[in-house]
Every structure is written in structure tokens, then in C-alpha cells.
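Asker: For reference, the chains in residue letters:
Number of protein chains: 2
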Amino acid sequence: MFRTHYIDSCVNALEQQVTINGWVQSRRDLGGVIFLDIRDRTGTMQVVFNPDISAEAISIADQVRSEYVVSITGTVVKRSADTVNPNILTGELEIKGEQIHLFNAAKTPPFPIQDRVDVDENVRLKYRYLDLRRPKMQETMMLRHKAMQVVRRFLDGQGFVELETPILTKSTPEGARDYLVPSRIHKGEFYALPQSPQLFKQLFMVAGMERYFQIARCFRDEDLRSDRQPEFTQIDLEMSFLPLEDLFSMMEEMFVTLWKETLDIDVPRPFPRIPYKEAMDRYGSDKPDLRFEMELIDVTSALSQNTFQVFQNAIQSGGVLKAIVVSGKADWSRKEVEKWIGEAQDIGAKGLAWLALKPEGVKGSVAKFVSEEEITKIKALTGATTGDVIYIMADKSAVVASVMGELRLRLARALDLIDESKFVFAWITEFPLFEYDEELGRHVPAHHPFTMPVEEDIPLLDTDLGAVRSQAHDLVLNGYELSSGSQRIYNRDLQMKMFDLLGISQEEAQAKFGFLLDAFEYGAPPHGGMAFGFDRIIMLLAGRQNLRECIAFPKTASARCLMTDAPSEVDEKQLADLHIKISNKQAVR
Amino acid sequence: MFRTHYIDSCVNALEQQVTINGWVQSRRDLGGVIFLDIRDRTGTMQVVFNPDISAEAISIADQVRSEYVVSITGTVVKRSADTVNPNILTGELEIKGEQIHLFNAAKTPPFPIQDRVDVDENVRLKYRYLDLRRPKMQETMMLRHKAMQVVRRFLDGQGFVELETPILTKSTPEGARDYLVPSRIHKGEFYALPQSPQLFKQLFMVAGMERYFQIARCFRDEDLRSDRQPEFTQIDLEMSFLPLEDLFSMMEEMFVTLWKETLDIDVPRPFPRIPYKEAMDRYGSDKPDLRFEMELIDVTSALSQNTFQVFQNAIQSGGVLKAIVVSGKADWSRKEVEKWIGEAQDIGAKGLAWLALKPEGVKGSVAKFVSEEEITKIKALTGATTGDVIYIMADKSAVVASVMGELRLRLARALDLIDESKFVFAWITEFPLFEYDEELGRHVPAHHPFTMPVEEDIPLLDTDLGAVRSQAHDLVLNGYELSSGSQRIYNRDLQMKMFDLLGISQEEAQAKFGFLLDAFEYGAPPHGGMAFGFDRIIMLLAGRQNLRECIAFPKTASARCLMTDAPSEVDEKQLADLHIKISNKQAVR
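Just so you know, the sequences run in chain order Y and C. The working numbering puts the first residue of the first sequence at 70, with every later residue one more than the last. The working numbering puts the first residue of the second sequence at 70, with every later residue one more than the last.
FYI, nobody ran anything at the bench for these hints, they're computed from the structure. Bear in mind that the values here come from a model prediction, so they are computed numbers and not experimental data. Each hint should be verified, as a subset may be incorrect.
Identical copies carry no separate label here, and so any pair may be met within one copy or between two of them.
As the list claims (entries may be wrong) - Below 30 Å or equal to it, Euclidean Cα-Cα: the simulated DSSO-like pairs (lysine-lysine) are: (1) K256 / K566; (2) K398 / K427; (3) K256 / K195; (4) K215 / K398; (5) K650 / K147.
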């Protein structure tokens, strides 16, 4: 009754009797001959029941329907040439069915168990146990499993120790909202679920563990976007006594290994390193998609004397002029050209100038304001040649970066400039230590308050916060941020100074992070680390568009599990045990 | 400045210049020559600074103290014969120090960083980052890491897929109290932290994943004992289409591999299988310590005609008489013999009879009531011979089992009968499906409500619940329960019947487990699985006495983290966001 062979191993069992277990994918009755396609985790196999077998077997084969769970015993034989299915591994074989056992019947599922199925995602999530039966979902889960094993083996081989950190813990300072857990024993007190194991991993370094990793669950109670989940998984690691250079090199090797072992793709090394400022200048983004060029090019110098009012205003108020060259599109119609002006405005531009370098001369919205000499300079700066379109945006540097960065991506997608089979990694380095929060009216940590400044910028902490570079770095891939990391402060005084600069009082710092500050007094080694978004890595490896496709039991954008219907109401007694009440009860639901 | 060698690799670097990084274990100044013992994750190394090196180096070497973090460059040389330390790996070597760099200073730690240190556990937990520096703790954490890797590699090799399940989920039916997490988005609703991934792993089977595992964090809000933690880690697994026999065999191989790869110990296979009833009969426990014999032996038949009132009463009220033989202790003094009667009474016995088979004749509390013929029968049943003491207890079967089971353990410990180097595994099988809860006045699931009854006992569900055996099993090791598992019900009707028998209404079942019941209608395969207590496995592997020694950041018996001081009070704003209030606020703290 129990399997002797997985379906994929039947290809090595020609002329042998086998028993397979699985689900009925489909059933056809052709003049008394019953054909079943049976599916297990490894594939599907056609089984043929001829009328000459036992009446019992025929009767069962006759009553089974899609998704019934069965055991089938029979002999593996070659299919006749005309029935070979070249699309599946077992397509040259079938099983001549002899016995069939019915483990379980099945109602007709709400959607067919196959890849090409157009079903509302909410239905898929409600019946996730059926959705996960689909080959594509199985494949993604297997890939996720494999990636986990590869990463762990790699890190184990590099002397990293896998260590677990508490889930019931104290609020961590990642800046997002915490999930809280009321304590039953300590009335009025709460645990927080970790936004990351940040403090614990730094304490592991103080504890002399030297190399720590964990594939860790993290929690943030934020309003969700399509690529966010309330709980997510990160590859979390931290190292002592390791120069940043060696860390980069080691992590590159990890990703090269991961891509090789899961997709059999050779990713080139070393990954380029791009300082944050350069990334913003060239791509208008700190997570540039490097699968294509089309860089943002500063043409301010070429147009510094230009009389076009918009250009002049921008330059005089300290702004910049940046160009994107769209190669070979000088023959675009006015409508085609102006479509992208509309897109730029949607993104946030006031306007967008354009020039078309036609064979017959320069045309475009600002053609009449631009001299031949200026065109020559622009061509020199941008590399544009006859036949190209040049878009030019003038505004404050940050606005130009944000609009032109996004416009670059949209143009590339529309013009099919992106090679979807490519994986281009890069390190973005030297992030600013602080960013100015307009709303709060003060500087906040760009990364987190434990990030080490670049050594030579430490004096700037007293004079120009905005100019202090940090030893923080991101790994980016194809326009996505895969990791965020930094070398850490390991000196109590510098850490206290950081808190001070961030407007965190000594008392508050001691109350929240006292144990870390204390730990720094007992011999903290130099250390640093990073965290990789594991769900996103899987999304990119699997070529999926959405994190929910890569998590077995994800939550919706309103943080609900449609299958279990969590969260849900609970007994009054449970709340009483926890010493809490729902406030303003009448408004519930 | 950064290390070229870990300390343990210096043994292969004789006469080479090396740089090591680590902590100062100790410092001595012998007439201007400074000796430092430097510690990293791999060991300790003596470094000698002679006065002839640079003034800067001498000055730093002079100021460092215990637990300072340093980098040292020097040449690995042989120690003079009279200073060799045979107790450590690097004991024949020392480093002739040339340069020293101070990464960080350290205050004097609250306790010395060494294994043999008698410190209050609360102090150790408050300064856990220092406690974890001690070699024994480092070793335990490394062992834990290694065990995780071995288990994952083994399960991966057996086709198990590592799949993650939600932490923010719905209450699971393990019977313990849930930790709750208020939802911000859904007012008045709560997530529960999983007591185990039970429902999700069964759904993975319905989803056709066939073999699932996870090293999973689980949560139970129970009053804690020394071997409980509010969050704990389990090796969780589930399989479809696998006979119990094969599951046992596979899991045995996993443990044999784990013991071999971590301790280099060969554990014999197959593990004995002992039905629950037999375990209770022979050892008075469902988690017997099998490292020694001293079984409980039923002597009711030998004494059925005995006139001793206590024996008679017990037999007539359906009780039993059970004996434990203490070999070679017939020469115990009366005080020594009666010590154990006192222990039995402490445990819960009304009394304990005894016989000493002295060379000169039978003595003891019931000697005058026992005939020669009865003695002969007792000897035949128990294997006792001249020179032995026999304790006999008479009471209801359950009371005898509980008292004599515990007495057996205490006797064995006192008499040093337990070989601490032995690891004796066994499967306990055929657990009862239900147990009678005196307090509730009804039957409750002995395991959980998804456990499959033994096939032939299914009819008893309608007639005699207490007699129904389940397809549940535990793995026990040296008196500890390592796992709990079962084959599961995979048929909706049988599952509904179970709920009905347990007094769970259709509505309640649907509200709590509707998604599982629904899933059973869409083609659930036969499946089963188990969960191994990972923290406890590490405790036994590491030879530790307490789970807290095996968890990096454990909580106290009142579920508090002494280092972070979690749980703690939170802002009113946070509670307002979550739509909750603390009830009866004035009583807080």
C-alpha cells in the first residue's frame, strides 16, 4: 500500500512492479479503459487500468476523481509512440495498473491544481493548502528550502555559529512599531516581538562568539505594502575582528554559491561598489537596477549660461540639470515623446525638457533655447548621437534624482532594455549616517543608531551631521535592496554621543539599551554585520513578483491570514488573565 | 591589526609571525617581562613581552587588564620545557610579542571568565554576555549549533523540506495557555503565538509537501518549572505515506547520526519499543530511565493468599503488589532500610513493606506474615537471592506505579547504579488515546485531538474510551521524554467524532479548526509526525542539568529576561494604538 517509488524514480524502474502514492490529477475513461494521471511531489505519471484486472480495482479506479488520494501498484511500461508526452519527465512511460487503494476521497477543489490558473488571490490564500499543491508553488517552496540549506552550509563552513535569540523580548530600536505581548505574570508589562535581533547579535560579539548567524523571524507592525509582511525572515549575521573588505568578499562568495547551487548560474565577482552619493548621481536611487545603462547625466555645466527660464531658475537656486538619453528614438512621434513627460509629472516633476537629435537638426521642447555649442557640450557629456532623444530635468538635486531615477526604470521596462535573465549585484557604500527628517525637524539615523561613522568623518559629528558618512552598506540586486549592514560602534562614549545627537537622553538610553551600553564597558570587540531579506532573495531567485508567492502562509495587506482567519476575538477570560481590556469595546468590528 | 590566525591554528605556525585577536584572560608582570594569556573562541595562548620591544608596545602591554580586547603580533615559539602547560592545546607554545593594539578596555567583570566559578545564576543571567564568554558556555552553544546542522543535513538528505510557519497565528489546540498579540489593524482581535506548528504541518501534508521539517520556536504561557521555558525550540516534522515502522527507523538513524557526529558515541539500534502499559508496569513511568534494571515486579500472585491486612485490602480493592529488589543490601541497618520507606511516603505511599533475605533467614517488616512458600514464589518472580532487600508496595495500580517508579530512580541514584556515560533510547508506544481528567470529570486527549486511534480499537470509541489505544509514541532517553508524536486522523468524519467525544461542539470545532476540517475534505493523505524538544536534546548531549544552560538568552522561572528586563512597561500611546487598556491599573507593580 505504501510507495516503493516516487514518481520521478519510476524512470529507472522500466518493466518493474512499483507502488506509487499520490493524488489523482485527472481521470479519463476511454471505452472501459481508465486513464489516471497521478501526482506526487516529484511529478506526474499516467496509469492505465485495462478491463482485465480485478473487479475491485476497476471499481475503485472507476469511482476516483480529481484530488482523490490513492496508492497504485502496477508495472512500469513504455507508452506507445503516439501517446508519448515530451513535456514531462515520465512522458515516455506509463504504469499498467494492477491494484489501487483509496486513502481518501476529495471534494472538487475550488480551483484546479495546475500552474496556469487565474484565480483571485484571496481564494488562493483561503485554500492555501490547495494552492500549495500547484507545481509552481511546490517549486518555490523547494527552492526556499534549498536556499536555506545552501546558506547555512556556507556560513557553517566559514565558522559562523547559528544561535537563537528570543522572540519574547524587549522593544528593539529599529524605529518601526512593535508587536506587543502582554505578560500574565507581570501585570501591566509587555514583551515585544523583535524587529530584528540587532541588540542580541551585538551582545553575541561582546560574548566572544565572533561569528554569529541566524535565519531569523522578525516582526514589524507597519502598514503593509505589497512587498512587506508583518513577519518576515532574514539571514542575520554579525562578525568580530573582520575588516569590511573581508566581509564583502565573504558575502559575495555566499551569493555566488547560492546562485550556482539553486539556479546553476555563475554570477560574476567582485560585485561593484558604488558610494551612496554616486548611486544617487548616476541612477537617482540607492538601489539601482544595473542590468541596463541609461544613466542620469549632469548637464548643468553645459547649460550654465542657458537662458531658458526653468534651467536658469534651477541653477540659481542651487539645483541641477540632469539628462537621460533614449537611444535611437529621435523618430518618436510627439505623442510618444510627450508620454514620458506625463510620466515624469506623475512621478513628481514640474516638467521635463526634451531634445530630439534628428538627422535634419535638433528638435524638441527646448530646441530653440539651446545653442549649437551647448548641443556639442551635451553630446560630449552624455554620449548622445544623432538619432537619440534627450530628456532634461531641472530642479533640486533630490527631486531630480527621485524623478529621473524612476523615469529611468519605467523607460527601460517600456523599451525592453532589461535582460530578465541577468542578476547584477552591487554594494552601495558610505551611506550618510543621518538623514534629516522634515516632519520631526531633526536628524535621524539613516541606518540605526549603532552604526559606526567613517573614521575621518567623526569630527563632523560636532559640526555638520548631514555630511557624516557611515560605515553602512546595502547589497542591491536588480533594483532591490537585499541587505542592510554596517560596522558597529563598540565604544560606550561614542555610542552615548550618538544617542545624544539623536535627542535620546541619557536616562532614555539607559532605560532602553542600558544592557548594551553596559556590555560595551566589559570588552567589546570591533564588529559589524548585516541582515539579508530572505523572502526577497527567494522572490528574486524564483522569478516571482510578490513576496506572498514565496511564503507558505502569508498574510494579506491588512495583516490577516485568510486561511485561519487570524487575528480573531478571544475569550474574556484570556484577557482577564493578561490583565488587559479592550478599550472602547462597543466599536469592535 | 586583524587576525592572521585563530589561536588554535597557531599550533601549525611555529616560528611564524602571526597576529591574534582576542580578550586578555590574565596578565602577570615578572620583573619587567609581561605575560598575557589571550583568549579567542578557539582557545588561549600565552604571549610574552620582553622589555626589548618598542616602548609603545610595552606601554600598552603594561596597561591592559583582564577582558581588554587586543590584537597582538608576534612570533610563535616553543615554551621552555619547565613552563609547558599540558592541560591546553597551545601549552607547548607561546608568542613572543612584538606589537600590541588595544581595541577596547574593560571594567573588571562581575565574575571571572572561567568555568569553575560559583556565581549566583541571577548575576550570570544579568550579565549573560559575560557568562557566554566562559568556555563551558561557548562549548554548549557550539554543540547546539552543530546539532542543528547535523539534524538539518540528515533531514534534508531524507527528502524533508524545511518550511516556515507563522508566529503570528491563531490559537492552537495544545491545551496550554496562549501568548496573545493584540492587532492594531483589527480592533479587539488578537493573534496567538503558536504552541506548536501542529495544524500547519498537517496542512503541509494536505498540500502535498509529503515531508516537512522545521526547527521551530514554540510558546506556552504556563507556570514555569526548572525544565520549562516560555519559548522553546523543537525539531518539528511530519510525513505522508510513511508506515510508522519506517518513521521509527528513520528517526533512530537521525539520533544515531547526531550522537556520532557531536559526541562520537555509537548508540545501538534498533531502539527498544515498549508499549505504554508495559512501561508503566515495569518502570512505573512512561519515560523510564533504562540505563539500569531494578524493574517493578508484580508479586500479587505470590501473595494472593497472604493474610497481611494491607496486602489483603489492596488486592480486594483491585490493587496490586509490586516489588523492587535492592541487590546485596540485606546487611543494611534498620535505619538504612527505613530511610527508603520514608522516601516512599514522601512521594505518596501510605507505607512500604520490606524483606531482607539474610543468610540467616528472612527478616523485615512483613517477614512474620510471609510463608516460606511465598518467599519461594517471590524469589522466582523477582530473581531476588540471598543478600537482597525486597521492598513491596500495595495500593491501586496507578499509585504503585507513580511511587515505585520514582523510588526506583531515587534508589538508583543513591546506590550509584546509573552509568552516566550511557545513552539508552526507547520508543514508548500505544499510549492511551484519552485520559480521564478528575477535575473536569471527563476524558481529555492524552496527546492531542488529531491523534489516530489504533485501527482495531476504533469500535471502542463507542463503548470504552479509556481502553482505546492511540497511534501515539514518545521517544525517551535516560528518563527524559525527547519527543511526542503520532499518526494523525486524516478523515473528517473521524476527526469530528473525536471532537464530539471530547465535548467540543460542531460549532466550536468549526470556529477553531474549520480550515483543517475543510482541508480534510480535499484529499488528505495518511500522515503522521513528531516533535523533538531541541533544548532538552542539547541538555542531554551537553551533560547539563538545566535548560537555561543550553539557551543563549533564557528566561527565569517568572518568565523574565534579567538582562533586558523584559517584559517591561510600555507607552500609553502604544496601548492606545492597539486598542487595549491595562485593567485595574492602580494595582500594577
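Asker: If a hint holds in the structure, say so; if it doesn't, say that too.
Answerer: Hints, verified against the model:
1. K256 / K566: neither (35 Å within a copy, 40 Å between copies)
2. K398 / K427: Close inside one copy (9 Å), not across copies (111 Å); limit 30 Å.
3. K256 / K195: Between. Shortest inter-copy distance 21 Å satisfies the 30 Å Cα cut-off; intra-copy 37 Å does not.
4. K215 / K398: Classified as neither; 44 Å inside a copy, 59 Å across copies.
5. K650 / K147: neither (68 Å within a copy, 70 Å between copies)
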